[in-house]
Structure formats: C-alpha cells, structure tokens
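Chemist: The residues making up each chain are set out below.
2 protein chains.
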Amino acid sequence: MSEVKNKQVILKDYVSGFPKESDLNIISSTITLKIPEGSNDVVLLKNLYLSCDPYMRNLMNNPKDSLSSRAFTPQSPLAGYGVSKVLESGHKDYKEGDLVYGVTNWEEYSLIPAAQIIFKIEHTDVPLSYYTGILGTPGLTAYAGFFEVGTPKKGENVFVSAASGAVGQLVGQFAKLHGCYVVGSAGTKEKVDLLKNKFGYDEAFNYKEEPDLNAALKRYFPEGIDIYFENVGGKTLDAVLLNMRIHGRIPVCGMISQYNLTQHEGITNLAHIIYKRIRIQGFIVADFHHLYPKFLEFILPHVREGKAVYVEDIAEGLEKGPAALVGIFSGQNVGKQVLVVARE
Amino acid sequence: MSEVKNKQVILKDYVSGFPKESDLNIISSTITLKIPEGSNDVVLLKNLYLSCDPYMRNLMNNPKDSLSSRAFTPQSPLAGYGVSKVLESGHKDYKEGDLVYGVTNWEEYSLIPAAQIIFKIEHTDVPLSYYTGILGTPGLTAYAGFFEVGTPKKGENVFVSAASGAVGQLVGQFAKLHGCYVVGSAGTKEKVDLLKNKFGYDEAFNYKEEPDLNAALKRYFPEGIDIYFENVGGKTLDAVLLNMRIHGRIPVCGMISQYNLTQHEGITNLAHIIYKRIRIQGFIVADFHHLYPKFLEFILPHVREGKAVYVEDIAEGLEKGPAALVGIFSGQNVGKQVLVVARE
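For the protein sequence lines, the chains are D and Z, in the order given. Position 246, counted from 1, in the first sequence is what UniProt numbering calls 246; the numbers after and before it change by one each time, with no gaps. Position 233, counted from 1, in the second sequence is what UniProt numbering calls 233; the numbers after and before it change by one each time, with no gaps.
Simulated from the structure, these hints should not be mistaken for lab results. Don't take every hint at face value.
All copies of an identical chain are treated as equivalent in the list; a pair is satisfied when it fits inside any one copy or across any two copies.
Restricting the straight-line Cα-Cα distance to at most 30 Å, the calculated cross-link-like pairs of lysine-lysine (DSSO-like) are [to be verified]:
(1) Lys64 <-> Lys120
(2) Lys218 <-> Lys64
(3) Lys64 <-> Lys235
(4) Lys7 <-> Lys176
(5) Lys64 <-> Lys208
(6) Lys5 <-> Lys208
Remember, predicted model here, so these are calculated numbers, not experimental data.
Produce the complete structure using the sequences and hints provided.
Modeler: Right, here's the structure in full:
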C-alpha cells in the first residue's frame, strides 16, 4: 500500500468574531492511496480546485451559536465545494480519471462518501476552475436565486450587493440577459469598475463612499427596486427596504456583512414589506441541485461564446488557504476566490 | 332639499408616537341628503357600523414619514371600512335601501364614489356588524393571509400573534379547521382564556408575562414553527425567527407593536431565513378582494352552524370613536373593535 503525505488545512477551534489566518493551521498528515477492501460507497480523490465561500464562516462557529446546524470539527480539515480527480472508486458511478465536483476536504487527497459528489464534469473545453464558480455552485446559486426565487420580468429594476463576488457578478449578467436594468454595489473602485466595464452592470457604486445608502439607492432607482438580490444584510438591506417597489422580491442568498458580528445589526424598516407586499425569501443552492443540468445547458454556450464572463481570484497552493478564505470576509478578493491545490 | 346635521370624527393634525383621543375631534357639520344632479358615480350613505383597524394608525402619519403613501387629511373626517345603507344612488349597481360594505367616512352620512363600495350585503340573517369583521375585510384578511400567503399543510405548526384580535381569532380557527396545531399570544389573561376556550387554540400565552419569548416559543413549539401569522412585529418577530422550521412561512399582515414608535425596533435574527429557507411575505387584503365570493361561501355556513365564532368589542355612538380607535393600539379592545353609528 502506498502511504503518502497529505497536507491539510484544519480549523484550530471554533471561531467567534472575525476569523483570522491563525484560526486555521496547515498540517501534514498521511493517507493510504487505496480504498479499504469492500467499500463500495466511497471514492478516493486528488483535490484540484477548492472554493472559498462565505457560508463557510458559519461552519466555523460553535454550532450552538450558529445559523447552521452543521459545523466544522476542530482539529479536522475544513470541507467545502471543490473540483477533484478520482484516483480510485468504490462506487459504480465513478471510475479512475473522472473529474468530479462535490463536497471534499481541504487537503491534497480525500477519501469521501460518493454521495458527496454533486456531478461528474463532462465538459473540459472550459477552464476546470470554472466548476468552482460560474459552472458550479455559485453559478447555480445565481441562476436559481435570480430566476426561480426572484421571478424577474423583463424591464424590471434589479439591485445586487456584493455584486462583483462569486455569485453577484453572475446575477448582474443574468439580469442584463433577461432585459432588466441592474445596479450593483461593491467595496472598492476596482470592483466598481469591473461591474460597469466587465460584467455589464448599468450602474455601480462603492458603498463605502456613500454616507447615505438610502440617498444612493434613490439616485440609481428613482422609481424603486423590483428585485434586490441580497448578499450582505445589515445597513444595505435596511436602506433597500425603503426603496422597494410594490410586489418587490428579495431573494436572500447571504448576509456576509453579519457573519462575523456576535450580535447582528438590527433591521428597522421591515414594516415596509406590508404595504409594498414584498416577498423576502431565503434559499440555499442545495434545494436546486436538480436544476443543474438545465443550468449547464443555459450557461455553457454563453461561456464558450464569451457572452458570460467570470473573474476569478486565484490563490496557488494549499498553504495559501487560510489567507484566501479569511480574505473574503474583508473583501480582499476580486471576483471568485479559488484555491488551487493541484492543476491536475 | 333636506339639509341635516352630520356628526363627524376628524383628525386634528398628523400624529407622531402614540395616538391620543385628543388627536381626534367630534364636530357637527351639515350635509344635503340629495345626490347632486347628474352624478352617476356616487352614492349617498347612512353609515351604520365602522371598523377600527390597526392600519388606520399609518394613515394618521404625515405621509412623508409613513409606511403608506396614503394619509388622512387633517381637519377632515377619518375614512375606513364600514357597513352602510344606501339612501340614494347615482350608480346603476346600487339602489335605495341596499346594505353595502366599503370604504366610507367617519360620519353619520357620506357621499362617496360608488367605486369605494367593495360589495353589496346579500345575507342579513347574520349580525350586520359581522360585515366589519368575520364577514368583511378582517375575515378575508385572515383567509387570504393564512391560506393563500401561508400555504398551510395539514399537521403543520402555526403561531399567531395578536391572536384574539379582529384577524387573529379567525386565523386560529382556520388553522384548526385545516388540521394544524395552533398557538396564540395575547396581552391579557382574559384574551388568553378566550383563545383557549372560545377560539379553539391548542395553547395560548400572555406575552407580557414571558420574560424570554424565545424560551416561551421553544416550550410551545419544541419542533419549531411552520407558519407564523405576523400581526405585531418587533421582539415577537425576532424570537420567532429563532424558532422557525425549514421552509417556514411568515405572512405579514401587520406590525402593530411598531406603528407608534418613531424608530422601529431592530430585528437581528433575519439571517436565519437563509439556512431555513424562510419566506416572509407582506400582503394587503385589497389584493385579494376577488376572493371574497369564495370566502363568503366558505365562511357563511360555519357562522350559521356556530362552527366559526367571532368576538366583537362594541362601542356605541360616533362620540366613542376616538376612544375606540385609540384603544386598539394599547390592546384595550377584546376582540374586533366595532363602532356603531346607527343600528339601521
């Protein structure tokens, strides 16, 4: 049996407040690159690209204080979405050499239940890393959140926060493809430029330079907002509620501005949802995995023809994992934060 | 032409904070009991029963600070839902002697556009005042909010706040008829007794005697809440968000606890809607007027057979209007607050 070194990114202990690089550790363990005899429901993976996602912050909490009922295990590797190559399969649906996308561990090699695989990667004429983004969960999140939860109509006014992020950059493009007017907010000039010049947003602004978010939204939406694609929560949400139109919809994808606060900010304008008949709806992508084939059919031609673009922020090497993951909570990343473990 | 005295309840000026009786005034004006020549879209009404409703508080605000884009006009009579008798009609759909339900003014006689009439009262074997409650807008509000917005399933867990109020007492009864488990909250022992002994709530509690609303909800809903019928907002909503089940729904009918605050309380637990995929949806009954015939067909047999009950709090005489209306914001009323102008 071949036992090899297996570098891992582990969580030292549950985190409260802002996560720091020192909350994570790089350790070297070992793994036997062989599936245990008779295990017909596991696969052995070589991990290639790992996805750094905001929801992972909630999994660092002690589960008793968390939004999520799940949590990472202290002193064990993180887990998250990733692109991996099958080295050996105990499961009939997969074989050596397959490229797969699913929930894997933050380490070089992983032995995981085959049930954690979400799909097999069939199209390799596009960058493999895209399966952690535009062709993976963030892509499906944007698609399901905007089209299924947001129920957009042509000509409607759409606002997206964290608009250059892994999901936001796609929501803006989908909104334009659907014939909507779309405005995005982000936290740096560089990101605002991307929104306008790369992703096709009609308008964009830096929320850090707006002392009055309500006034900013009134400026960009004199007639109000039909759909607010919610990624951040907090003050932005409160200002949005003042600017929604009748029968507006707020698909709630995330509230990244709140995840590191021990006490979340209070939202004071909720009563506006009554007269305006607003629907605020939380969703998670796992409820929409069945739409993945339909989504892929929609998005692949756009990617191939350059009609949908995607900006990634690539960190090279598992050692960069702690910085890459922690960075997304202060907006260090420009575009989708990807961690490369190996390039095949 | 017969000119008669016409007592009115007028709003002195826009209100901020808690409304007081002194914000309203009783004045004696006059009215000519004759429709102006050639007016074929108005009706002349004798008002019988007026409805005291929480949404009226928002109409007392200066519209620039209000949730509603509409507002009462200072120095003019209030307007609201009521049961009236047609004295003369310029409109072909109505004739002298008809009993109608619609938006009328807080005065003895009103000349209003026929378009403000919502329906003609056809069934008079039930108390006429019921058309301001169980057979009127509150009834339709409970019906549409619970069945259409709440989309209940048999066996689900339902929580109702302001549960003995005009709408709440019906939501509880509808939930029981639908095979749900239902718990209500109210603000006095008398109301809690009504919930359990009159309206058939499975359980009920006095929120004023619960120092920890989260703990109270955990006691009554160890497995969580599927539907929260929201009438009050504020701390109750925040505690409910901690206790919702996955795919739960919150039809938002009102937030009466907030209407008299110049700054609404902050809701801090909204992020729970993401993992739990909660839908929070504001609604107003005007969007459901088309369901009234269907609703009446459903509710009338229940009323006649005593399978649906309704508790009214009756104030006699237009002079009692200010006290009756102001009282609902401190929970003085027990059941639906009705103001009798005349009994026919």
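Chemist: Give a verdict on every hint.
Modeler: Each hint tested on the structure:
In this homomeric assembly, Lys64 and Lys120 never come within 30 Å of each other (Cα to Cα): the closest approach is 35 Å inside a single copy and 56 Å across copies. In this assembly of identical chains, Lys218 and Lys64 lie within 30 Å of each other by CA distance solely across copies; the values are 15 Å between and 40 Å within a copy. Taking the closest pair of Cα atoms, Lys64 and Lys235 come within 30 Å of each other both inside a single copy (26 Å) and across two copies (21 Å). In this assembly of identical chains, the alpha carbons of Lys7 and Lys176 never lie at most 30 Å apart, being 43 Å within a copy and 58 Å across copies at closest.
Proximity of Lys64 to Lys208 under the C-alpha cut-off of 30 Å is restricted to the inter-copy arrangement: shortest distance 27 Å between copies versus 33 Å within a copy. Taking the shortest alpha-carbon separations for Lys5 and Lys208, neither the intra-copy value of 45 Å nor the inter-copy value of 61 Å comes in at or below 30 Å.
The structure fails hints 1, 4 and 6 (numbered hints given earlier, in ascending order).
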